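Asker: What follows is each chain in one-letter form.
There are 4 protein chains.
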Amino acid sequence: MIIVLKPSTTPEQLSSFTEKLRNDYDVTINRWDGVHSTVLGLIGDTTRVDIEYIEAQDIVENVKRVQEPYKKANRKFHPENTEIKITDSVTIGDGSLHIMAGPCSVESEEQIVGIAESVRKSGATLLRGGAFKPRTSPYAFQGLRSEGLDLLKTARKQTGLPIVTEIMRVSHIDMFENVDIIQVGARNMQNFELLKELGRTDKPILLKRGLSATIEEWLMSAEYIMANGNDKVMLCERGIRTYETFTRNTLDVSAIPVIKKLSHLPVIVDPSHAAGKSWLVEPLAMAAVAAGADGLIIEVHNDPPHALSDGAQSLTPEQFDEVAAKLFSLKRALI
Amino acid sequence: MIIVLKPSTTPEQLSSFTEKLRNDYDVTINRWDGVHSTVLGLIGDTTRVDIEYIEAQDIVENVKRVQEPYKKANRKFHPENTEIKITDSVTIGDGSLHIMAGPCSVESEEQIVGIAESVRKSGATLLRGGAFKPRTSPYAFQGLRSEGLDLLKTARKQTGLPIVTEIMRVSHIDMFENVDIIQVGARNMQNFELLKELGRTDKPILLKRGLSATIEEWLMSAEYIMANGNDKVMLCERGIRTYETFTRNTLDVSAIPVIKKLSHLPVIVDPSHAAGKSWLVEPLAMAAVAAGADGLIIEVHNDPPHALSDGAQSLTPEQFDEVAAKLFSLKRALI
Amino acid sequence: MIIVLKPSTTPEQLSSFTEKLRNDYDVTINRWDGVHSTVLGLIGDTTRVDIEYIEAQDIVENVKRVQEPYKKANRKFHPENTEIKITDSVTIGDGSLHIMAGPCSVESEEQIVGIAESVRKSGATLLRGGAFKPRTSPYAFQGLRSEGLDLLKTARKQTGLPIVTEIMRVSHIDMFENVDIIQVGARNMQNFELLKELGRTDKPILLKRGLSATIEEWLMSAEYIMANGNDKVMLCERGIRTYETFTRNTLDVSAIPVIKKLSHLPVIVDPSHAAGKSWLVEPLAMAAVAAGADGLIIEVHNDPPHALSDGAQSLTPEQFDEVAAKLFSLKRALI
Amino acid sequence: MIIVLKPSTTPEQLSSFTEKLRNDYDVTINRWDGVHSTVLGLIGDTTRVDIEYIEAQDIVENVKRVQEPYKKANRKFHPENTEIKITDSVTIGDGSLHIMAGPCSVESEEQIVGIAESVRKSGATLLRGGAFKPRTSPYAFQGLRSEGLDLLKTARKQTGLPIVTEIMRVSHIDMFENVDIIQVGARNMQNFELLKELGRTDKPILLKRGLSATIEEWLMSAEYIMANGNDKVMLCERGIRTYETFTRNTLDVSAIPVIKKLSHLPVIVDPSHAAGKSWLVEPLAMAAVAAGADGLIIEVHNDPPHALSDGAQSLTPEQFDEVAAKLFSLKRALI
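Chains as they are written, first to last, in my numbering: chain A, 1 to 335; chain B, 1 to 335; chain C, 1 to 335; chain D, 1 to 335.
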């Protein structure tokens with residue numbers, strides 16, 4: 001951490017400030033005196049140094065971090081890729097490509113079991129489906145709730161596919177005990193109370209990137225879960241909010257190699273929510289695999305025009321079958 | 001709502017689609033046939049029409065809303081300004097200017113009572129202070145929690161100032177029973193489960209705008225609270241996330257007159273979080289008042305360099321006294 | 001084009017407005033009367049209708065385009081892909097993958113000829129290099145200017161590679177006569193005077209997307225060139241400006257399939273400027289090819305640490321050789 | 001400038017790098033050795049240090065500027081406000097409030113003279129009007145061009161108001177000789193060739209902020225003009241591009257105090273283009289004055305519904321008269 005002091009700093013202020021830093025944190029301090037400013041360099045574990053506290057000092061002109069503020073999610077301290085075992089045959093982050101497929105919302109037993117069987121045949125290894133739905137409008141369909149969870153379990157029983165579904169409040173954690181992967185949605189990426197509580201479980205977590213979260217903030221949210229004891233975090237890029245309105249969100253494909261460089265956690269990509277249009281799912285999914293994603297989460301609905309949510313971006317099972325074949329073929333070509 | 005159909009739509013598809021729309025929603029449908037496309041116009045209460053469902057239809061090229069998707073928050077259906085009475089002497093939205101002032105975090109009785117007395121003398125009519133703090137890093141100070149709430153109540157007792165403080169999870173609602181205004185932070189603006197539960201209370205709610213929420217999404221979050229029965233919602237503009245990095249956020253001053261036009265709810269502005277720098281608080285607060293804000297929420301700390309959070313943007317009580325004087329003088333000049 | 005009128009519109013205003021529309025433009029007008037508003041639908045060629053003129057009418061609540069505002073660049077009116085022949089062996093947009101490679105700035109004969117020979121061996125089919133450099137700072141190296149153009153021609157002579165280089169002002173057009181592809185940089189995407197004049201030449205144009213240009217604005221800039229007579233336009237995605245700061249820009253990989261859907265023009269991707277970091281070039285280039293790009297433009301420098309501009313994002317010839325091999329292998333796997 | 005080196009740096013690399021820095025630039029270098037990294041501090045005039053060159057070094061982890069990259073526009077080296085005298089009675093930056101008013105496009109003598117007389121009576125001290133219009137569509141009205149300039153001069157003769165109008169290409173500079181203030185539009189803010197040539201004139205320049213330009217880039221564009229010899233630069237905030245679509249752009253009101261802190265140049269605000277809606281002009285203009293702007297540029301049209309461009313955001317002369325009265329009254333209250 002590098003701290004640039006104002007030219008007006010007095011020797012007394014300087015010495016009281018550096019003394020405080022040494023006492024509060026386990027750091028050593030270097031110092032240079034330039035023409036216009038004095039610069040301090042903090043050496044040691046600066047993860048715990050509160051940058052806002054430093055910025056607030058009257059004598060401080062500006063502060064820059066050199067070290068990343070996350071530790072458990074940081075590849076520097078954990079060079080090996082994290083692999084998350086979901087079932088005997090599904091391990092995410094082990095170099096293979098996993099596709100989580102299914103409808104935006106669970107609607108009925110027939111629907112979810114039918115889709116599950118179909119996507120399994122096409123090569124999907126996990127079933128996604130929403131039971132609790134975060135909707136912008138209070139008047140829109142909010143999901144089948146606990147009934148939806150039960151239907152997902154029925155579909156799992158019939159197909160053997162592990163299930164991924166979204167949680168929306170702390171008090172539901174017990175209800176999600178028998179879910180294979182708990183998803184934290186983009187709008188809850190900084191619901192810190194939820195992250196903390198999920199950190200106290202041992203469930204694999206699929207942490208979606210917030211609509212306008214920086215990569216660093218996203219890793220800090222992973223750190224919240226990990227700091228509370230749960231290391232099984234997967235990061236899911238689902239498009240970010242930009243000025244472009246043709247696509248619902250802008251898929252940040254760079255996030256894949258960047259996360260791979262900064263962290264050891266697996267990266268999943270959601271081309272369905274990024275695009276908001278079903279014809280964009282294939283090219284975005286192809287791009288994600290080519291850029292190194294560990295997995296994809298894709299919306300599939302047997303009858304998109306009658307889907308109760310997000311139909312515009314859902315593939316039919318037939319379309320999914322074709323897309324999945326191309327994705328696995330691309331993955332084989334890359335190895 | 002206007003729906004443009006694809007040129008390939010068959011007469012059968014068209015009639016089955018329009019029939020379904022008429023059955024599902026209480027709307028009448030007009031239709032034109034252009035050279036390249038057919039256009040449908042839905043007339044009636046389209047608030048409940050699920051735009052995603054429409055977009056998902058194979059035959060639909062695109063859909064445009066004419067009517068806003070929010071109803072209870074809409075000025076069209078509630079032309080008078082909403083006034084929210086907090087105490088006998090404090091009513092927000094009645095044309096007077098209210099300043100909520102206080103520290104980012106409550107730190108000690110001495111601190112919070114001292115600041116409360118000081119800001120009251122300078123003209124603040126409400127005391128703000130964080131007991132539960134949403135922090136990006138799990139390693140940063142997270143607030144004094146329930147002890148912080150107790151200290152706020154002590155300060156209220158001593159000064160008579162009603163208190164405003166942030167809630168972070170549903171299970172805390174009971175604990176906030178004796179708070180005057182409950183704040184929902186920017187990161188929880190779309191924590192829909194929290195919004196619903198707050199809608200079931202009768203507490204005044206200060207709803208901060210999400211980091212990258214559109215004005216429409218923000219009003220939809222207000223609608224969540226109102227649709228569940230609680231009409232006492234104030235909207236708080238606190239800066240949005242843009243590409244500009246000099247300021248922490250970009251204060252969207254246009255949001256003030258826009259909200260005033262679209263909605264009847266009061267608008268509060270938070271220049272401290274928008275700017276992230278104490279020297280920007282005064283000019284941004286002045287701009288907010290000149291643009292028509294009903295109130296301001298300003299961070300004041302007796303000792304910003306030693307604040308446990310957000311010190312860089314806090315004013316000292318002396319600075320606040322000066323700024324408040326200018327703000328009230330500006331307000332008087334505008335009437 | 002759909003025009004929603006205000007409830008207050010009088011019959012006289014309505015008839016005078018519709019009469020004017022019919023006179024000014026070759027359109028027919030349909031009309032519905034809803035409960036709260038009257039809606040007009042304009043049918044015909046609305047490309048020339050000035051949307052700002054419509055919005056300015058007192059009686060107009062809002063206006064929505066149904067038809068795209070570009071015509072010559074629109075795939076609807078030109079369903080076949082545009083193929084642009086550069087030399088006998090290089091045609092862009094014909095389904096093959098072309099890589100334009102070379103240094104950010106031309107620095108010396110030895111440098112540019114050496115890099116040209118090297119990238120040609122690795123499979124590049126065009127040579128890129130800047131002679132005139134748009135630099136944020138007036139104190140930074142501004143390019144070798146006309147001498148740089150001469151050196152590019154020398155390199156072309158030695159290697160047979162056609163050359164791509166950036167133009168910065170109208171008065172240089174004559175100087176660029178013997179260049180194979182003229183590049184318009186991101187900062188000049190809406191330098192309309194330059195676009196018009198380039199439209200009067202018959203040179204292939206590589207039109208980079210502006211830093212915050214929407215896809216529609218970008219296509220409108222292509223339309224400027226085409227409306228003036230020059231159909232040889234290639235669109236180059238080079239990253240857009242977002243709030244994320246880890247990457248220099250955010251590569252909008254969705255733009256590739258979107259442009260392919262909306263337009264018939266070829267799409268080139270610049271992973272070097274998008275990323276700003278050389279280690280990101282490979283994954284982003286792979287993603288671009290997988291998403292359907294017709295070509296790539298990649299910075300290669302024999303000695304990146306001593307490059308006079310953009311060294312941080314340049315590959316060495318050895319790195320480029322490896323990346324190019326992977327890209328061509330991926331392209332073959334996709335066919 | 002602070003340079004963090006990679007842990008793998010060898011002593012030879014380090015000494016050859018620091019030697020090169022000392023030779024190329026007039027700087028002294030300090031160095032610390034941390035546990036994980038070595039840090040270099042460059043002291044001296046780093047304005048001319050090419051940050052891209054430094055970033056490109058293999059041994060460099062990252063670089064941070066401490067000193068701003070602009071010099072002539074920097075308040076540190078020019079503490080006094082710049083005042084730009086336009087006529088005997090109009091000096092911009094001297095503490096008074098100046099309003100530049102007039103139509104988006106000059107359309108006829110009657111129109112421009114009529115508007116000029118009217119806005120002068122309301123207190124405007126300069127006349128704005130577009131002769132050359134940058135339009136997104138090649139099919140939209142492009143301005144009366146040189147005839148428009150002549151009409152502006154006629155209006156100046158009749159009213160005494162100095163004129164402000166936009167230039168779009170270098171070859172027009174001679175034609176603008178008799179204009180009082182030359183405007184550079186947002187889309188040309190980084191048309192560096194134009195900036196350089198304007199730097200060789202002695203005309204006052206109104207430099208609009210680019211659609212997605214950072215404050216630093218904007219100041220660097222001012223620096224381009226100033227580095228070529230012309231110090232008469234005014235900066236015009238006109239809204240930036242964000243994800244919010246309700247307003248055409250988002251007025252960055254913080255830019256006013258930030259520019260005042262970083263630079264000595266006057267700041268003008270354009271509420272008309274920022275908002276895109278005439279009813280937003282008044283509150284945004286009020287906010288701008290309250291935040292410290294030196295002037296405003298406001299669109300006024302005698303007949304907005306028939307304006308050939310930007311009618312939706314234009315005020316009528318009557319509306320302008322009312323708004324101007326409020327603005328001058330606010331300005332008086334602030335002193």
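If you're looking for bench data, these hints aren't it; they were derived computationally from the structure. Since we're looking at a predicted model, the values are computed, not measured. Think of the CB as a built atom: it goes at the ideal place given N, C-alpha and C, for glycine as much as any other residue. Warning: the hint list may mix true and false statements.
Below, simulated SDA-like cross-link-like pairs (lysine to any residue); rule was C-alpha separation at most 20 Å, straight line [to be verified]:
id, chain 1, residue 1, chain 2, residue 2
1, D, Lys261, A, Glu55
2, A, Lys76, D, Asn81
3, C, Lys6, B, Asn30
4, A, Lys196, A, Glu216
5, D, Lys76, C, Tyr139
6, C, Lys326, C, Thr316
7, B, Lys153, B, His78
8, B, Lys331, B, Tyr139
9, D, Lys277, C, Thr245
10, C, Lys261, B, Ile59
11, C, Lys76, B, His78
12, B, Lys277, D, Thr214
13, D, Lys277, C, Ile59
14, A, Lys260, D, Asn62
15, A, Lys64, C, Leu262
16, C, Lys261, C, Glu80
17, C, Lys71, D, Asn62
18, D, Lys326, B, Pro7
19, C, Lys76, B, Asp88
20, D, Lys64, C, Asp180
21, C, Lys64, D, Gly276
22, A, Lys76, D, Ser8
23, C, Lys76, B, Thr9
24, C, Lys331, A, Arg332
25, B, Lys71, C, Thr245
26, C, Lys6, B, Gly114
27, C, Lys71, B, Pro7
28, A, Lys331, C, Ala333
29, C, Lys85, C, Lys6
30, A, Lys260, A, Asp231
31, D, Lys203, D, Val170
32, A, Lys261, D, Asp58
33, B, Lys76, D, Thr136
34, A, Lys6, A, Leu21
35, A, Lys71, D, Gly276
36, C, Lys331, A, Gly292
37, D, Lys331, D, Gly34
To spell it out: a stretch of chain C is covered by chain B in this simulated footprint if at least three of its residues, at any positions, have a beta carbon under 8 Å from a beta carbon of chain B; those stretches are [unchecked claim]:
id, stretch
38, 87 to 100
39, 239 to 251
Asker: Take the hints in turn and mark each one as holding or not.
Answerer: Here is what the structure says about each hint:
1. D/Lys261 with A/Glu55: With Cα atoms ~18 Å apart, D/Lys261 and A/Glu55 stay inside 20 Å; holds.
2. A/Lys76 with D/Asn81: violated, 49 Å
3. C/Lys6 with B/Asn30: holds, 18 Å
4. A/Lys196 with A/Glu216: holds, 18 Å
5. D/Lys76 with C/Tyr139: OK: D/Lys76 and C/Tyr139 at ~18 Å, within 20 Å.
6. C/Lys326 with C/Thr316: Cα-Cα ~16 Å, so holds.
7. B/Lys153 with B/His78: violated, 35 Å
8. B/Lys331 with B/Tyr139: violated, 42 Å
9. D/Lys277 with C/Thr245: The given pair, whose Cα atoms are some 32 Å apart, is violated under the 20 Å limit.
10. C/Lys261 with B/Ile59: This hinted pair holds, its Cα atoms lying about 17 Å apart.
11. C/Lys76 with B/His78: violated, 45 Å
12. B/Lys277 with D/Thr214: holds, 17 Å
13. D/Lys277 with C/Ile59: holds, 14 Å
14. A/Lys260 with D/Asn62: OK: A/Lys260 and D/Asn62 at ~19 Å, within 20 Å.
15. A/Lys64 with C/Leu262: violated, 44 Å
16. C/Lys261 with C/Glu80: holds, 11 Å
17. C/Lys71 with D/Asn62: violated, 46 Å
18. D/Lys326 with B/Pro7: violated, 53 Å
19. C/Lys76 with B/Asp88: violated, 65 Å
20. D/Lys64 with C/Asp180: Violated, at roughly 39 Å.
21. C/Lys64 with D/Gly276: holds, 15 Å
22. A/Lys76 with D/Ser8: Holds, because 14 Å separates the two Cα atoms, which is no more than 20 Å.
23. C/Lys76 with B/Thr9: holds, 17 Å
24. C/Lys331 with A/Arg332: holds, 14 Å
25. B/Lys71 with C/Thr245: violated, 38 Å
26. C/Lys6 with B/Gly114: violated, 54 Å
27. C/Lys71 with B/Pro7: holds, 18 Å
28. A/Lys331 with C/Ala333: holds, 10 Å
29. C/Lys85 with C/Lys6: Violated. C/Lys85 to C/Lys6 sits at ~52 Å, over the 20 Å cutoff.
30. A/Lys260 with A/Asp231: holds, 16 Å
31. D/Lys203 with D/Val170: holds, 14 Å
32. A/Lys261 with D/Asp58: holds, 17 Å
33. B/Lys76 with D/Thr136: Status violated; Cα separation ~34 Å.
34. A/Lys6 with A/Leu21: This hinted pair holds, its Cα atoms lying about 17 Å apart.
35. A/Lys71 with D/Gly276: Answer violated: A/Lys71 to D/Gly276 is near 46 Å, above 20 Å.
36. C/Lys331 with A/Gly292: holds, 16 Å
37. D/Lys331 with D/Gly34: Distance ~54 Å between D/Lys331 and D/Gly34 Cα, so the pair is violated.
38. 87 to 100: Check failed, 0 qualifying residues.
39. 239 to 251: holds (count 4)
Checked against the numbered hints above, the structure violates hints 2, 7, 8, 9, 11, 15, 17, 18, 19, 20, 25, 26, 29, 33, 35, 37, 38; every other hint is satisfied.
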